[in-house]
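Asker: One letter stands for each residue in the lines below.
Protein chains: 2
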Amino acid sequence: MSFQRIAIIGLGLLGGSLGLAIAQRLPNASTAGFDADPATRDRAAQLGLVGTVCGTAAEAVAGADLVILCVPVGAMSNAALTFAEALPADAVVSDVGSSKASVAKALAQALPHHTIIPAHPVAGTEQSGPDAGFGELFAHRWCILTPPADVPESAVEKLSAFWEALGANIEIMDPDHHDLVLAVTSHIPHLIAYTIVGTASDLEEVTRGEVIKYSAGGFRDFTRIAASDPTMWRDVFLNNREAVLEMLGRFTEDLTDMQRAIRRGDADKLFDLFTRTRDIRRGIVEQGQDDARPDFGRKDH
Amino acid sequence: MSFQRIAIIGLGLLGGSLGLAIAQRLPNASTAGFDADPATRDRAAQLGLVGTVCGTAAEAVAGADLVILCVPVGAMSNAALTFAEALPADAVVSDVGSSKASVAKALAQALPHHTIIPAHPVAGTEQSGPDAGFGELFAHRWCILTPPADVPESAVEKLSAFWEALGANIEIMDPDHHDLVLAVTSHIPHLIAYTIVGTASDLEEVTRGEVIKYSAGGFRDFTRIAASDPTMWRDVFLNNREAVLEMLGRFTEDLTDMQRAIRRGDADKLFDLFTRTRDIRRGIVEQGQDDARPDFGRKDH
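These protein sequence lines map, in sequence, to chains L and H.
Taking our numbering, the leading residue of the first sequence gets 1, the next gets one more, and so forth.
Taking our numbering, the leading residue of the second sequence gets 1001, the next gets one more, and so forth.
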């Protein structure tokens, strides 16, 4: 019924966490993994992120009934091509990429005869690489599946059950809608964070040391997000361009509106926005997607 | 040598934390407090935030050698006027406001014959009100003092020693420079966070429920900041207008540049920014202004 031999292609934060989560929560399944970087393969073997670290992607997928691509979204197609020949005919192929329409297209072209169910576990940290993985990464987080219409329902159910076993909640979504939702809940926040951190680094009047020292006023949370993996995020923006530009347009309209309110001293307009935004925070805390404690329980040093 | 009778005007997150910090770390000093809101006064008394909760600001400052205003920056002047008559001639007056040039001016006008040393402890959480206070709020955070040139050095040293006793590090700064530094490390991040949360709430294509569910992709950190006290933040933007508009102009220039890079598919430009921004994060973690653990040690529920 459930997947027995799982191949993980890419052994960074996501791939490593996936291997650890499977070992903890699905002890009867075996895992084989591959990473294009030899140093990452060595480290993954030392850390025991997967049962077997293979020297090629083709070896990793041999005999697999589930293959999960954990590489930047721009690398999905090439990664899939490296193991296409070795992939068992009945294997289900999935991924963990942050954009879905472009990944669905890339994988369908690379593996035209296989069952492909693109997926996106909405979970992560600003860390990257094999040392960043931990088995609880997906617990209580949402995993969005974007199955094409022709994929058998049974395969979608099997993949859903797999992610549920790792602690995730499942949502089925259209890939274009996924890309729009994630543009606003993830991609634009990252772009903004990267940009403001860049702006702050380039000021002449304010030194980098000052920016660091007084970051507790709000900036430090942006730096956390802006420490995320550069390759992954470059690919996200290149692969979800339209939804990102659409949402960015709305954000900059709203920001211009606030800029005008500040310039004009429109106290009511500022107060109104600052009051409205509290509701969404309340929903996030109530639904367990964040922690209400001051500073999330950050400890002083 | 040190302050013995400290009056705290305003008993929300900052005022309450100050009272608790003094009780924990300066047990020989006595505290009296006042808040314009009777419900806040009652709650402050129940929680023991200060030694004595007074019915008027004038009562609270009677006999004080240090008065700290912990009210929104737009309310400083009126708050000072309510106790001006009762203020001992040799009392030092300070505050905790997030903008300094306008506060310096307002307090100098309201209390022309007193020693005024504006201050800003760069510490806070998204919580507000008397229940949000905790005595460790200022530990390992920076407190910026912006003393006017005519204030005796001894008073500045005494106030520095006071904040150091509460665990803070001290920096002396020109008020205009403070306002520029904090515009970038605190005010603009808050404005951006409020704005993107507002943008996300108003979308037609993406529901509020979806925004909440998938907030773990980055958005949730913005909602935390955007849950901060609306009155306080309205006043910050109205009182630090020029520095905020200046920094906002630089940010939107940089954001437009990134928008163009995404539209043109300029992979190198994106990668370059996303790589550069990691350095500042490293500095913040190294200097103990944030926690490097994944998700700051957020616990799953």
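Hints in this document: simulated from the structure, not taken from any laboratory.
Any given hint could turn out to be false.
Claimed, not checked - Below, computed lysine-lysine pairings styled on DSS-like, alpha-carbon distance capped at 30 Å: (1) L:Lys105 with H:Lys1158; (2) L:Lys105 with L:Lys158; (3) H:Lys1105 with L:Lys269; (4) H:Lys1158 with H:Lys1105.
Asker: Indicate, hint by hint, whether the structure satisfies it.
Answerer: Hints versus structure:
1. L:Lys105 with H:Lys1158: Given pair Lys105 (chain L), Lys1158 (chain H) is violated - Cα atoms ~67 Å apart, limit 30 Å.
2. L:Lys105 with L:Lys158: holds, 22 Å
3. H:Lys1105 with L:Lys269: Holds: Lys1105 (chain H) and Lys269 (chain L) sit about 25 Å apart, inside 30 Å.
4. H:Lys1158 with H:Lys1105: Holds - the C-alpha atoms of Lys1105 (chain H) and Lys1158 (chain H) are around 22 Å apart, at most 30 Å.
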